Amino acid sequence: MTIYRSFTAVQADLQRGTLTCRQLVDQYLDRIHEFGHLNAFTEVYAEEARQRADALDRKAAAGEPTGKLFGMVIGLKDVLCYQDHAVRAGSAILDGFTAQFTGTAVQRLLAEDVIVIGRQNCDEFAMGSSNESSAFGPVRNAADPERVPGGSSGGSAVAVQAGLCLASIGSDTGGSVRQPAAFCGVVGLKPTYGRISRWGLIAYASSFDCIGPIANTPHDAALLLEVMAGADAYDSTVSAKPVSAYASATLPDRPLRIAYLKDGVDSEGVDESIRKATRQKLDALRAAGHIVEPVELKNLPHLLPTYYILTTAEASSNLSRFDGVRYGHRAQGVTDLIALYKQSRTEGFGAEVRRRILLGTFALSASYYDAYYTKAQQVRRLIREETEELFTKYDFLVSPTTPSPAFRLGEKTADPLQMYLADIFTVQANVVGYPAIAVPNGTDEAGLPIGIQVLGAPFEEGKLVAFAKELTNSPA
Amino acid sequence: MKVDKETLHKIAHLARLEVRPEEEAGMLSSLNEVLTWMEQLNEVDTTGVEPLMHISEELNVVREDAVGEHLSRERALANAPQHDEQFFQVPKVLE
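Protein chains in written order, with UniProt numbering: chain A, 1 to 476; chain B, 1 to 95.
Chain A on its own, in the form it takes in the complex (with noise of 0.2 Å):
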């Protein structure tokens, strides 16, 4: 049976009658068997997913009308919220949890005829660019086991990878959905800072989190955005402005007016392959009557140290609601309070996570907070202000998703700071708010995918899928 690598394959085979959402679910869940070594799910809904694809035959069958996404396969990263289903962050702090309500995002795929699969492995509370700090252990590579599928968000780009579901749905808070695309050669959307509702995600830096798609194809993914964004009355920093329909919008009809980040064509730090991989992209932009010029961002080396400083401040206010007293792990025969908090939490969490709070509570308190938190925060917004006046003289910024391939498990474990900087190009995004896409751009000699990304103005999704088709060469 096929492997489909598009939704609108799917689609054309189930109106011709060839396939079935049974057909379809089974297949996957044979993949998922056999690809098992991979360690991309952490649970697989197997009866539930088949039965939920027969209740759906036999609505098409019996002729009543079927969702948007009807027939679509999909996993939910472990730290998105889905009533009655275990979500765990990939941490042994949720040991046990069930989610008691479905997020805003799943509850609108679900209503368009998704069918989920299962819960995808993810780096803990989703820190980590390496799938390697899960409590349920490593992601391996399908392009390579012996490499990390990259992260948080790693067992949601390897699902789509190996063809272990259409799609998957994953979050994004300094590159998470598109680094591990990148390492993976898919597709991984981040929308604009608000643009999807947070109900039901497990929170890491609330200034930064977003949902964001990852799926075989640009137009796949605008799909699944299209469904999961607009107001929600559960998320006050969810974005009013309308949705548009993201999936079959296009380009001005001029030429683009493109800038590329010079270090990522030209840097030494940004591995061979990855920059002869981008020069031709944009050579062929060029030749396409294109407007391609080079910038250089000012406050490039600031993104980083400003993202962490940031991230790690509001994931120790974030993760204080993990106590061992509401959900989750309790530290047994502790007769004190106090002790309880902290030998919970000392237990449950991994080191990273533990490492992360106490970077955030030392930026926060009070002798450091000026000279950590707020500095942070003034040169966020000049960040900012720069990448503001970038898109008054160009529509996209375009620059490799990743510095290297995906590297080898273990490669970066013993070094924090070495793993911090994976995300040099996806952390802009967060850091301003923009929307960005990440598109597979070929593989290295060794056949490791490479990725390309491609950073838009804000609540123009639309353009910025356009253009990734046009990237891709994949209208649908």
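Bear in mind the hints are in silico, worked out from the structure with no lab data behind them.
Treat the hints loosely; a few may be bogus.
Said to hold, decoys possible - Pairs of lysine-lysine, BS3-like flavour, derived with a Cα cap of 27 Å:
1) Lys59/A with Lys262/A
2) Lys298/A with Lys262/A
3) Lys68/A with Lys241/A
4) Lys412/A with Lys276/A
5) Lys5/B with Lys412/A
6) Lys2/B with Lys412/A
Computed from a prediction, not measured in an experiment: that's the story for all the values here.
Fit chain B to the given chain A structure using the hints.
Structure of chain B alone, referenced to chain A:
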């Protein structure tokens, strides 16, 4: 440097965490390395720059003050490691 052993334990207390003895040296060195790296921001002149606190353009979004659906007590308590029919239970805090 910024974080010595005493500071580390002070921050850990604020964060309601313990530092395991075998992790102390490693945590100290990684925290100091990351904090030194973060200090790159001191190169940036931010005189008179207003801190950017909110990324969303939505301000003061409120809904109608109407009774809506809430999590039932049963569901709210269901995930608690220790609870009775009404409350979360913690070790005794008052003698």
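Taking the hints in turn, this is what the structure says about them:
no., hint, in the structure
1, Lys59/A with Lys262/A, "violated, 53 Å"
2, Lys298/A with Lys262/A, "holds, 11 Å"
3, Lys68/A with Lys241/A, "holds, 21 Å"
4, Lys412/A with Lys276/A, "holds, 25 Å"
5, Lys5/B with Lys412/A, "holds, 26 Å"
6, Lys2/B with Lys412/A, "holds, 25 Å"
Checked against the numbered hints given earlier, this structure breaks only hint 1.
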